[in-house]
Amino acid sequence: MTCGTDKHSRKPSPAGVTARRIAVAAFVSFLLLVFEGAARSESTTVISCFENPPSPVRHAVHRLSKFTGIELGKPSGAVRSIRIELNTTPNPKIGTQGYSIRSASEGEITIRGNEAEGAANGVYTFLRTLMIEHRKDPFTRKWAFEEKPQFSIRAMQVAPYRFGASYGFAALSPDRWSIEEWKEYVDLMRLCNMTTLCLVPARIYHPDYPHSWREKWRFDVWKQVMDYCHQVGMKFNWMMGPNMVTEQCFWENPDKRTVADNAWWGSALIWNKSKNLILENNRPTIEHFRGLDALELLASDGGAYFDEPDPAVYFADTVKSYMKLMRDSGNDAGFVYWNWLLDFWCKVATPDALLQKNPKLKTIQDDVIPLLPKNVAWLDASMLTLIQNWEGAMKARGNPPMREGLLLGKEHGFRPIIDFFWYMNPEASINMFPHPFIRRAIQEAQYARDEVGADGAMGYRLAPPLKFIDDYVYFRVTSDPSLTPEQLMTELAGLLCEQSESQAQAKDAIRTLDQFWSTRKLEDIERADKLFRELLPHEHSKNLEYVSNGVTFLTYIVRMAQPGATAAQKTKLKWQLYQAVKPMYIFQGLTADIVWQPEALRFFNARVDMMLEDFLTPLYVTVSGVEVIDRSIYPKATSQPFALRWPKSGGDVKIQPPNVPGVNEPQR
Amino acid sequence: MTDAQKTAMKWQLYQTVKPMYIFQGPTADIVWQPEAIRFFSARVDMMVEDFKSPFIAGSRYPEVVDRRIYPRATSQPFTLQWPKESEGKTP
Chain A
1 MTCGTDKHSR KPSPAGVTAR RIAVAAFVSF LLLVFEGAAR SESTTVISCF
51 ENPPSPVRHA VHRLSKFTGI ELGKPSGAVR SIRIELNTTP NPKIGTQGYS
101 IRSASEGEIT IRGNEAEGAA NGVYTFLRTL MIEHRKDPFT RKWAFEEKPQ
151 FSIRAMQVAP YRFGASYGFA ALSPDRWSIE EWKEYVDLMR LCNMTTLCLV
201 PARIYHPDYP HSWREKWRFD VWKQVMDYCH QVGMKFNWMM GPNMVTEQCF
251 WENPDKRTVA DNAWWGSALI WNKSKNLILE NNRPTIEHFR GLDALELLAS
301 DGGAYFDEPD PAVYFADTVK SYMKLMRDSG NDAGFVYWNW LLDFWCKVAT
351 PDALLQKNPK LKTIQDDVIP LLPKNVAWLD ASMLTLIQNW EGAMKARGNP
401 PMREGLLLGK EHGFRPIIDF FWYMNPEASI NMFPHPFIRR AIQEAQYARD
451 EVGADGAMGY RLAPPLKFID DYVYFRVTSD PSLTPEQLMT ELAGLLCEQS
501 ESQAQAKDAI RTLDQFWSTR KLEDIERADK LFRELLPHEH SKNLEYVSNG
551 VTFLTYIVRM AQPGATAAQK TKLKWQLYQA VKPMYIFQGL TADIVWQPEA
601 LRFFNARVDM MLEDFLTPLY VTVSGVEVID RSIYPKATSQ PFALRWPKSG
651 GDVKIQPPNV PGVNEPQR
Chain B
1 MTDAQKTAMK WQLYQTVKPM YIFQGPTADI VWQPEAIRFF SARVDMMVED
51 FKSPFIAGSR YPEVVDRRIY PRATSQPFTL QWPKESEGKT P
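Quick mapping for you: the protein sequence lines, in order, are chains A and B.
For the first sequence, the numbering used here assigns the number 1 to the initial residue and increments by one for each residue that follows.
For the second sequence, the numbering used here assigns the number 1 to the initial residue and increments by one for each residue that follows.
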């Protein structure tokens, strides 16, 4: 006997030990193979991916695996497989960002792209479709997708700055978001195949200015956001005013401050007096975000250039100077020039007294084009957006013929051309609430596709949490402007609700909410509120909860706005509103950021008054149907001057002329 | 004082304090001036409300407490000796 020994008394020889170990290892290996085979035949499905996929594809595959519960593996031996592959011969129909998803044969689905970017987009479309249809098993439907996103740049600008009734509030405002909250938003963007997150924080951290250290944690979080964007395959841009400095620098240099008291940032210096100081103030930002993908400069808004003797020279010099600053800092980012309705600024928004004083203010649009380097992207809002927002101002200045700024940039050779979807203007207290803009989003996307031939689209958001419906609609139409309202609402209902039986009601709620913004009838918003709220006990979606909470809040604003509502009734409604929203997670900032309740209530009331004022202000008072621009006003996009054909009645809403602080008093 | 006069005064106040270093927060922490003015005005309204509220303006003793009401500290229960309504009221 060699093995039947007393284990306590006999010591086996080394050779015997080795032989036994080999035998045990062989037996264990045999068992593992048997069990693995059995497990494989039981699991039956794997997700396989082409070799050495980059991080964005891996991230997409991991999300797909997590949702479906299907493991990653090799298809050999598997009964069913989802294969993510690169085309060996490029498919010309799908370009770089497109993909095909097909039920290739029984038990095989293929997701193919020409490039990894397209393959990742295909995985996300696959995943999003499964989520909408509440389908964990992808083999229970046929797949036959072949598509590419319409615009190659699909961006959302998020503004964590101090503005609007949402600013500064826990959970609601991105200026208070942790990296986890940012990740959730980036994940939603990525799920919808968006390409770019652009931040416009209007905040500067500079180590030499101690008062700016309060922004350091934000810069640290945003750098993580930039890294996460890159991990999932998105770009990260940074937008700013070119003459902005830290508050401390502003106060230390009284002789260099903008005399014209421009409406933005509150801490801008005059470029021609302090160029180097301004650039040095912004150098740490450029260095901190060295990996950013594009710097975006907005020089024109709010009259921030009125102090410059030759604004076009100023605009062009900021572009060149910041490009140099980036290169000097080892930053290889691209550059986006914001034209931002410059023709409108020259002809309408600038007060006549200033135009008389400095005639160059009239010609900036034409003057700046030859001065700009050609290797910059050109971003502008469209003529439709101008029509939507500044009818009164246009008429007040005699309705001068205007040019489509997007086409102006295009015809002068700038690329890419990016349409800024400012229809979603978040810059007011009322605009933190859900407002789907479904038809307007489709209209703008089709205009950008068919008449402008834009390369990109960019949205704009201050406080995303209540805006899931709005954002999703925008995200989707940037990929496919041909989507119908019905399709969009079906997708939304699927994402908002886990229960199939809830979806019809969710769709009805979205439709009613969308309708409310045209009718502005109390019964519409109350009905939408009821429909959303009834779903909450059966559903678990955070997005549904926040949309519903936002609609509930809005309902009170509309009640207060009813003709004949007395001051006493409004006070009572505000108290009821406070009590109604206090238990809502997303409104914790509005109700409780101020720590003594009577004082919190006063600040809450002040914000509600602003929302009410906004709701009643002409800029937001639309008559029925005005959510979509009447194209008889502007039948076809053109870079040539065109006098808008305003209707004589209907849609002829009095809109306040633009306020230029320091020149005329605010009209609120 | 009419609403229009109050609005005009708030605008004047905003312009007056805007160059003052210590008030940079109330005037310019919000980055778009028309919105900054709205928030500034809301705060000023609260100050006016406080100034006119009984808690501030209604006290008979806003600065020094009349010790006849409570002549000497004691740990024993003591009924405060309030003056008659006609005495010592702050306008």
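Think of the hints as simulated: they come from the structure by calculation, not from any bench.
Fair warning: this is a prediction, and the values are worked out from it, not measured in the lab.
Idealized CB from N, CA, C, for every residue including glycine.
It cannot be assumed that every hint is accurate.
Claimed, not checked - Simulated crosslink set (DSS-like; lysine-lysine; CA at most 27 Å straight-line):
| id | chain 1 | residue 1 | chain 2 | residue 2 |
| --- | --- | --- | --- | --- |
| 1 | B | K52 | A | K570 |
| 2 | A | K574 | B | K52 |
| 3 | A | K216 | A | K183 |
| 4 | A | K223 | A | K273 |
| 5 | A | K570 | B | K10 |
| 6 | B | K84 | B | K18 |
| 7 | A | K572 | A | K530 |
| 8 | A | K273 | B | K6 |
| 9 | B | K84 | A | K570 |
| 10 | A | K572 | B | K6 |
| 11 | B | K18 | A | K275 |
| 12 | B | K6 | A | K216 |
Unchecked claim - One side only, chain A facing chain B, incomplete, derived with CB under 7 Å:
| id | residue |
| --- | --- |
| 13 | R162 |
| 14 | Y205 |
| 15 | Y209 |
| 16 | P210 |
| 17 | W213 |
| 18 | A600 |
| 19 | R602 |
Each hint, compared with the structure:
A C-alpha spacing of about 21 Å is found between K52(B) and K570(A), which places the hinted pair at or below 27 Å, so the restraint holds. Taken as a hint, the K574(A) and K52(B) pair is honoured in the structure, with Cα atoms around 22 Å apart against an allowance of 27 Å. Between K216(A) and K183(A) the CA atoms are separated by roughly 19 Å; this keeps the pair inside 27 Å, and the hint holds. Distance hint between K223(A) and K273(A) is unfulfilled; the C-alpha atoms sit about 31 Å from each other, more than 27 Å.
Our distance criterion of 27 Å between C-alpha atoms is met by K570(A) and K10(B), whose separation comes to about 24 Å. Distance check on the hinted pair: K84(B) and K18(B) sit about 46 Å apart at the alpha-carbon level, beyond 27 Å; violated. Taking the CA atoms of K572(A) and K530(A), the gap is about 21 Å. The hint holds against a cut of 27 Å. As the CA atoms of K273(A) and K6(B) are separated by approximately 38 Å, the hinted pair breaks the 27 Å bound.
For the hint pairing K84(B) with K570(A), the CA-to-CA distance comes to about 38 Å; that exceeds 27 Å, so the pair is violated. In summary, the hint linking K572(A) to K6(B) is supported, as the alpha carbons are separated by about 25 Å, within the 27 Å threshold. Among the hinted pairs, K18(B) with K275(A) is consistent with the structure: their alpha-carbon atoms are about 24 Å apart, no more than 27 Å. For a cut-off of 27 Å, the pair hint linking K6(B) to K216(A) is broken: about 39 Å separates their Cα positions.
Restraint check, R162(A) versus chain B: the minimum CB separation of about 5 Å is within 7 Å; hint holds. Interface hint at Y205(A): violated, since its Cβ lies 16 Å from the closest Cβ of chain B, which is beyond the 7 Å cut-off. Residue-level restraint check for Y209(A) is violated (minimum Cβ-Cβ distance to chain B is 14 Å; threshold 7 Å). At about 15 Å, the closest approach between the beta carbon of P210(A) and any beta carbon in chain B exceeds 7 Å, and the interface hint on this residue is violated.
Hint status for W213(A) relative to chain B: violated, with the closest Cβ pair at about 16 Å, above 7 Å. Proximity of A600(A) to chain B is violated relative to the hint, the smallest CB-CB distance being about 12 Å (cut-off 7 Å). A distance limit of 7 Å between C-beta atoms decides the matter here; for R602(A) the minimum to chain B is near 6 Å, and the interface restraint holds.
In terms of the numbered hints stated before, the structure departs from hints 4, 6, 8, 9, 12, 14, 15, 16, 17, 18, listed from lowest to highest.
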